[in-house]
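All chains should be modelled from the sequences, with the hints used to inform the complete structure.
According to our numbering, the sequence shown is numbered sequentially starting from 1.
No wet-lab data here; the hints were simulated from the structure. Keep in mind that the hints are not guaranteed to be accurate.
Within a straight-line C-alpha distance of at most 20 angstroms, the following computed SDA-like cross-link-like pairs (lysine to any residue) qualify [stated by the list, open to error]: (1) K168 with M1; (2) K259 with L309; (3) K453 with V365.
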Amino acid sequence: MQNLVQNKNYFPQSAGGMVDTIVDGPVPEVVKQVVVALLGEKALGDVKSEGLSGSVFDILTQLLPPLPSRAAFWWTRLGKPFASMLETGVFPVAVQARFLTFIYARVLGFMGPDDKAVGPGSVMTSEGGPVELSWVIPNRAKPAAGDVTRQLRFCIEPRDPETGLFYKGASVLEYFTGLEGSLGVVSCPDLGLDWPKKTENYLFPDDKGSEPPFGSRFFVGFDFYPSGTISLKAYYVTLFCPPTNQIQVASDTGKPLDKLLAQLHPTLSQPFEAVKQYIEGIEAPRRPHAAITAMDCVQPDVNRLKIYLHRHEGTSWSEARAGFTLNGALETRPNVAAGLEKLESLWNLLFPTATSAQNIDIPEVAVPVAVSGDDRPAHPSVGLLFYYEMYSNDNIVYPKIYLPVRTYCESDLTICDAVEKFYNTIGVEGPAGGERGEGWVAREVAKSYAHRKLDARCGIITYVTLGAKKGGWEVTMYFTPEPWAAERK
1 MQNLVQNKNY FPQSAGGMVD TIVDGPVPEV VKQVVVALLG EKALGDVKSE
51 GLSGSVFDIL TQLLPPLPSR AAFWWTRLGK PFASMLETGV FPVAVQARFL
101 TFIYARVLGF MGPDDKAVGP GSVMTSEGGP VELSWVIPNR AKPAAGDVTR
151 QLRFCIEPRD PETGLFYKGA SVLEYFTGLE GSLGVVSCPD LGLDWPKKTE
201 NYLFPDDKGS EPPFGSRFFV GFDFYPSGTI SLKAYYVTLF CPPTNQIQVA
251 SDTGKPLDKL LAQLHPTLSQ PFEAVKQYIE GIEAPRRPHA AITAMDCVQP
301 DVNRLKIYLH RHEGTSWSEA RAGFTLNGAL ETRPNVAAGL EKLESLWNLL
351 FPTATSAQNI DIPEVAVPVA VSGDDRPAHP SVGLLFYYEM YSNDNIVYPK
401 IYLPVRTYCE SDLTICDAVE KFYNTIGVEG PAGGERGEGW VAREVAKSYA
451 HRKLDARCGI ITYVTLGAKK GGWEVTMYFT PEPWAAERK
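Pasting the structure below:
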């Protein structure tokens with residue numbers, strides 16, 4: 001990986017002063033200041049401000065040096081929709097430019113080949129794309145003027161742009177948190193990599209190589225804050241590893257999760273028991289299996305562990321309710337009870353042919369492979385996906401359910417309409433100055449993912465989730481830019 005990050009074509013070297021104060025002014029001038037602060041004067045070339053116009057993304061595209069074809073492919077597939085999401089979220093212009101410059105200079109080189117046939121392919125999304133984006137619409141009816149109206153994130157599976165081969169989690173995290181890799185944008189405190197390092201050592205104690213251990217997959221997540229900083233998340237996927245390296249929840253074979261928890265923080269063991277008892281109470285083949293273990297890159301005493309469990313069989317409301325409440329064990333907790341009420345409302349709007357009253361498995365809606373490019377059956381797009389969040393020094397489990405709407409809804413438009421109806425019930429509408437009135441959710445999504453019509457089929461929206469968080473329930477929409485969809489050809 002060291003050779004890659006030293007390749008100036010993919011990773012422009014920083015010569016900036018890491019300046020945090022940007023003087024307000026015309027958009028092109030603000031964008032130029034940000035580029036100089038992060039990459040230095042040389043990154044500007046001979047482009048004059050007078051000739052720059054359009055959105056922040058457009059200005060950066062005109063301003064920054066041309067990219068290699070593989071990175072340029074991902075600049076349009078990832079950078080452009082994310083830029084639109086930043087605009088929709090009302091992020092300040094300087095912050096938009098800061099994040100997009102970081103993506104240009106530090107993320108695109110890890111996105112892999114532009115040719116889908118090169119390399120083993122990602123399991124991030126069902127069509128093999130290595131990126132999934134998401135936003136949370138705040139659960140308040142009227143954000144204050146000037147407030148950012150979205151929480152934005154995306155996650156990638158880091159790959160070599162030439163070969164498509166994967167990179168080891170520790171190497172990727174160390175690069176992004178180092179001075180050159182972070183560009184002063186990524187925030188990682190002392191001991192911020194403590195949990196990821198312990199997790200890798202536990203899962204693969206004998207691994208000394210520079211490549212990921214056989215069968216393992218690693219994702220890195222980026223959380224984007226209105227302040228202009230980014231924090232990281234680490235995701236470890238052992239589903240495709242040999243049995244001796246697979247994470248297990250209710251078994252002493254492979255890598256028992258309770259032993260990892262004891263190494264990460266002693267206070268995690270108590271809340272984990274509720275999860276373990278729930279899993280042990282389900283007989284095979286209906287028993288969920290551990291798909292992903294994830295954590296933030298923050299100090300151990302304030303960190304959280306997220307355990308993702310995938311359930312292939314059982315997609316009725318009763319199965320969703322049981323998973324969300326750990327078969328009733330969490331149902332009396334106020335945050336879970338409130339979340340469950342909202343989840344039932346959202347469920348009935350998304351799945352009108354399998355409502356909570358009907359309590360039947362949701363029928364699948366087939367998406368033609370030739371259109372969607374979905375030829376990666378290893379991705380768990382069928383069934384329900386849950387995660388259980390446990391914090392250090394907290395004995396409470398916080399559940400979240402992932403509804404794979406791509407598999408079970410008719411089109412991206414029907415998903416948007418259902419989400420909008422859900423928000424109508426709680427009095428949330430589009431942001432001031434943004435999309436308002438009937439169809440506002442669909443119009444926001446269509447602006448970011450404009451390569452096809454939303455009513456053509458499903459595919460852009462991968463999941464709609466509802467989580468019972470510390471601060472209350474929240475709904476998240478997840479997206480893929482469908483990098484190789486037929487409509488893009």
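Checked hints:
no.: 1; hint: K168 with M1; in the structure: holds (9 angstroms)
no.: 2; hint: K259 with L309; in the structure: holds (18 angstroms)
no.: 3; hint: K453 with V365; in the structure: holds (18 angstroms)
Violation of the numbered hints given earlier is absent; every hint is satisfied by the structure.
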